[in-house]
Amino acid sequence: QIASKPLMMEASLTPERIMKGPARLLDESLSLCDDLSPYLLDQSNFLVVAMMGMQGVGKSALASLFVDPSVDVHKIRSCIFRPESLEQIISGLHGTNGIDIYITNERLIVLDCQPLLSPSIMDRLITQEKKFTSDYNSTENLMEVESLQVLTLVMSIAHVVVMVQDSAADPNLIRLLQTCEMMKPSSSSTPSCSSSSSSAPSASEDTQQYFPHVVFVHNRAPSHHFTPATLKKLQGVYQEAFSGSCLESESRVGICNSLTYTPLAQTSCGSLVNLFLLPDFHKQHNSPVTFTEALGEMRRQMLSVRRLPLTHLTLTEKSWYQYVCRTWESVRKWSLFVEYSRLLP
Amino acid sequence: MDSGGCKATALELMVGRKIFQRNMIQPLSIDFDTMIGVEGYYNPVRRTIYLHLTGAYDTSTLISSLEAMHQQLQDKGFLMAWSSLKLGYARSLLVLFSVSHLLLLCHPTHVFDISYIHLFRTLDAIRSKAQNCLAEVLRQVPGISKDWVSFGRLCSPRVLFIFSSRLLPIQITSHDNASVQRTTVNRTSRNSTVPSPLRNLELALEDQIYRLLRKSRVITNISANSLFALPNNQAYVYIMEENQEEIPASSLINNTLHKLCSSQDGIISDLSQLTLGSSNKSINTEGGSIRGGRGMGSVLSSRTGWESPASQSILSDTSSADALSASILAGVATERKRNLEHSFNVFLQQHIDQALGKGFDDNVGRHSGPIFFQVPRAGVWFDAVNRVYKFFMGEPSEKDTKILGSLQNLVETEVRFSDARCAKALPLAISAYKDGLPPHYTQMHHQEKLDLALNVLSAQARGPMYEDYVTQLEEACERIWQDGRMGCETLSLTGNTCKHPRHRTPNDPDDDSSLPVMTHNSGVVYISFCNCGRRQGQREDSFSVKTANHTFYQQLAESCCSRLESLHFPTFKPSVTNAKAAKVDGSEDNEMEIEGPSAVSRDSREQIDSGTPHSPGLSLVGTGLSGSMNNATGTVATRMTGEQSHMGSQVVITLTKDDTKAITKDRGIIRQASTTEYLPGMLHTASPPGLLPRWSSWSLCCLGPSSLYSHNAGICEQPGFLPGTNFLLPWDVTIKIEDRDKWPAIADTLGKKALLLKNKKNRVGDIHEFSVKIFLGVEYECVRGHRFMMATPDRHLKASPSGLVKDNATKIANADMPLYFPCPCSRGGGQLMRLHVVTPKAPVNVTLSPQVQPGPDPCPRYIPQPCSSLPVKLSASAYWVLRLPYVYVGDQGPHYPPDPRHQTPPSFARLHKGCYGISQVTLDR
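From first to last, the protein sequence lines stand for chains A and B. Take 736 as the starting number for the first sequence in my numbering and just add one per residue. Take 5 as the starting number for the second sequence in my numbering and just add one per residue.
Among the hints, a few may not be true.
Stated by the list, open to error - Per label pair, the in silico range of CB-to-CB distance:
id, chain 1, residue 1, chain 2, residue 2, range
1, B, N136, A, R1077, 26 to 32 Å
2, B, H74, A, I811, 40 to 46 Å
3, A, E763, B, K438, 27 to 33 Å
4, B, G147, A, Q823, 50 to 56 Å
5, B, V368, A, K810, 41 to 47 Å
6, A, S1070, B, P520, 26 to 32 Å
7, A, S1070, B, R221, 50 to 56 Å
8, B, H74, A, R759, 42 to 48 Å
Unchecked claim - Partial selection, computed: residues in chain B whose CB lies under 8 Å from chain A:
id, residue
9, L66
10, W86
11, I121
12, T126
13, A129
14, K133
15, P173
16, N204
17, A424
18, G467
19, T498
20, N500
Simulated from the structure, these hints should not be mistaken for lab results. Note that this is a predicted model, so its numbers are computed, not measured. All C-beta atoms, glycine included, are put in the ideal place defined by N, C-alpha and C.
Required output: the full structure, derived from the provided sequences and hints.
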């Protein structure tokens, strides 16, 4: 009896199956698929990082680099998460559908999500003449709501949400984030509350809301953004925009804490906003930081971020997965989204 | 490129000059009400006006806008701020869509931003709503055409989409770049066979955008019904190449366009640059233009203006302009045919040319309506634009507010959502407040229910309007509470609140006659004992000092102690019928005490200062008491103190002859109490001299002869004592007489035996001494009706089961006694209520001069009679009971017992030591 215990613990250190490539968390119609439990352990030391952003900003490439910084993004096949191919770019199409998930041996869980507000996804819906739920009376409303739903899910289940963008401070992205914050189900751990929006005030007595670290990444930032003055301005946008928000947008990760590019260190910029600038991989010759350096620094900081508890119970990987499924179901049913979509023009 | 850069660059490419100043750090000048700025540029030769809109979609403007809105962001959050920025943007877009032929929508990337779809739909809805009002406005423009007035715009404008190639992979752009480098021949051949990837992307985007806009019904078959149209057979998507943007403007213009324009060089120099701000005085500024994609958008509106045809010279201009446009058309046609260059100028110019030429016809299908297209004169256009600008951007007049309101509704989705959400949650929160609400309740209960309601609201409500609804909820609940549900909340003197709704009391001067008249009642009932302690009674929580300290005891006394002998403390005796309360001010009293008039004798002042004013003629020597001696006998007493320390429980009192003198002296100066003004509160050491209360809060009565108390049995007749606590404590006092002759009374009355006994032992000098035994009891009552005695200042009295008491009274007589002490029942606090004194059968009087300080310093000490009076003398060989006040109310309100939940030092409230004294029996009384 005594001997059996250590044996069980040992067994739990390797999952039933090792991931060879990414699995699908959500498919393209945004329903749960692939059972992930064989890949998951019964231990609670894991980090969930999710990549979010508009179409074509480099979410998949960054996610792949996050899993393995040595990967060559040019060879699409070598990437864990497949970035858009040239053909897709030329046709204005997006790459990722639903949410892809990959779990490393170091128990880092990376989520690569489909683009927010993507014209290409909307186009697909139109051309396939898919029937959308009568709740949302037009395709553009459906797009808006689905983007919000995916973002809401990710904000409930990930420790770090990386908002990737390739333009400077996109107000649309900030708006989406804060709308999500506003609509977040008050407690997704109790599925009953999704139906009880009108009555039963007790259902939403959940004490502490969970909010993830939100990290803004300006991918392919032009070299003149890497100056203290410009950076300060960019940080100012986030600082002002999130001054009234609960989101963890200032958790001391960011280019200003970087060791690699000292002119931008905290003293010169002052702000604690979670903002990273990544130089353009193809045009990094005139940028003050090389892409590899910036990426390495970003990865290092994000991996060491303080992990806030997702729920009041400590989750193991397996219970995290169950929590994800529960959350997604309640997010899909969450009545506020219908309410919101009715107000859209 | 930074935002703002892309779209302005596009215009500059077109114009061939650096016309717009831009810098991300120093944003363009914008109107700070709407956070929108529009720049314009008029090229009369090319008959084109370019407008450049700057707004919150530009990064630099966004940055400065957010900085300017810092306070709002703090209070309301980003969603609110962004909504108002978007609203300003939408309003300026309405202007642009009304006055432009062509609009360019710039994206900083190569992906279409579908959030524009909602914006377009909004604009379309508002445009049709505003059409009538806009027609009114336009009608006032002199020389305007009828069609323009009725449609409210020049045509169904075209929107062209500009994307940036900056972020495209090098494989796509380099191919194209390379082709630029190559010879024209090469390129031509290449392009004719395999379209460049960039062109493919443009085509893909065109298809995509068309499907999206079509599906969302932004564009329709009939262009006149839509906000804008897309050209049927012309390109409307252009991808700006990066290096093209970087080429200096002058070199961009080369090629055909430059040649075509070269003949007009002189006129080009006359180009006027227009800047439009909301408050701009100059008439010729116009605003309008559009926004760009995420972070950078731009719109260019082009328009032709015909100079007034009346003048001869202008006629020639016109003809030359005709010739020019014709040649441009020709040139462009040629160029496109040859597919010469992927040039922005070509891309845009073809649309401009068409506008200047035959106009747009973007209807689809056979059943298209009539085409409406107009190219106005510049003068008319400027006039019209000014009015349109004012219409959409200025302060709305009454009928316009509706339009503006619906625009706001459509744009501020998040805010409206929040509003609707909160509005839904508000009734829930209010009913949570109302749930189980008693008919009336206190402020504290109100606050508790309000907190509950706020929890409900915060769980259900969302977004930036939350704070507004919190205020609403607070107001609503406040109203419910104040609407007849407010409790009286008057605190009783023991700290309980009145349970009645708000009301008047019978003698309340408050003339709010709507309130019912009733007396306060906290619903709390206490058990108390009468003056002498032999009868138990229930008392309601009192709200007035008189009820608490006087009336209650009077009522009980009627059936009990009224027949007992008692000593009455001095009270106010009115000499006039209209006696009134004296005005008492706390701070003034203090001064009066310290620097009081000479009416107060020096002696009594000293007494006050020393803290034991009421022992004239007697010095009470106990441990640590020497400092309190204030008489001529001081020296003797001090000497005795030394001995005292060896005498254990004995206390030595020395009587001297001087007593008599001192007494007489004091008596002579006792101030006559006022007979017209009475003391409004309770008497204490800081009360102004000469004032007496109307009734006494104290009572002193004699139960009977000292034989009533048996030290073996304890106190028997009195109910409520906890077992083993019903004993008085013996106090042996040795009395010395300095000069026997001068104390004939004592000598005569004193039993000879006792005297002789003492004298045998102590034959020193002329001093005679004898000993008396006094029984003291310090009795506490707890709110539950328990009574108990204290053995020391910090210990309950507890007799052994056989009734044996080991303690003596030295400690309780010579130390401060706590006013409040926990009852052994451990659930209530006991309050010092009675002092029991059994006086000895000896020719001395025991005197009492109690001083109660019910709170920490600088709380005054409460006394039964004015400072200047003599201590009360108790008759010998009798059982006396001094009942203390039930409540202590000072000038600043009642002194409440300490909170049992907090540790309070024993000195919090106390009966000061020096209460008991002895004086000789005056024979002549």
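Going through the hints against the structure:
Separation of N136 of chain B from R1077 of chain A is about 28 Å and conforms to the stated range, judged on CB atoms against 26 to 32 Å. In this structure the hint that H74 of chain B and I811 of chain A lie 40 to 46 Å apart at CB holds, the actual value being about 45 Å. Hint check: E763 of chain A to K438 of chain B, Cβ distance near 49 Å, so the stated range 27 to 33 Å is violated. Between G147 of chain B and Q823 of chain A the beta carbons are some 54 Å apart, a value that agrees with the proposed interval 50 to 56 Å.
Roughly 45 Å separates the CB atoms of V368 of chain B and K810 of chain A, a value that falls within the hinted 41 to 47 Å. In this structure, S1070 of chain A and P520 of chain B break the distance hint of 26 to 32 Å, their C-beta atoms being roughly 48 Å apart. Remark: the range hint 50 to 56 Å for S1070 of chain A to R221 of chain B is contradicted by a beta-carbon distance near 27 Å. Separation of H74 of chain B from R759 of chain A is about 44 Å and conforms to the stated range, judged on CB atoms against 42 to 48 Å.
Here the hint on L66 of chain B is kept, as its CB sits about 6 Å from the closest CB of chain A, short of 8 Å. Because the smallest distance between the Cβ of W86 of chain B and any Cβ of chain A comes to about 5 Å, under 8 Å, the interface hint for this residue holds. Against a cut-off of 8 Å between C-beta atoms, the interface hint on I121 of chain B holds, since the closest Cβ of chain A lies about 5 Å away. For T126 of chain B, the suggested interface contact is upheld, since its CB lies about 4 Å from the closest CB of chain A, less than 8 Å.
Hint status for A129 of chain B: holds, given a least beta-carbon distance of 7 Å to chain A, under 8 Å. For K133 of chain B, the interface hint is violated, since its Cβ never comes within 8 Å of a Cβ in chain A; the closest pair sits about 13 Å apart. Here the hint on P173 of chain B is kept, as its CB sits about 6 Å from the closest CB of chain A, short of 8 Å. Because the closest C-beta pair between N204 of chain B and chain A is about 5 Å apart, less than 8 Å, the hint holds.
Taking 8 Å as the C-beta contact cut-off toward chain A, the hint placing A424 of chain B at the interface holds, the least distance being around 7 Å. With 8 Å as the threshold, the beta carbon of G467 of chain B comes within range of chain A, its nearest partner Cβ sitting at about 4 Å, so the hint holds. Annotation: interface hint on T498 of chain B violated; nearest CB of chain A at approximately 37 Å, more than 8 Å. Interface restraint check: N500 of chain B against chain A, minimum CB-CB distance 32 Å, threshold 8 Å, status violated.
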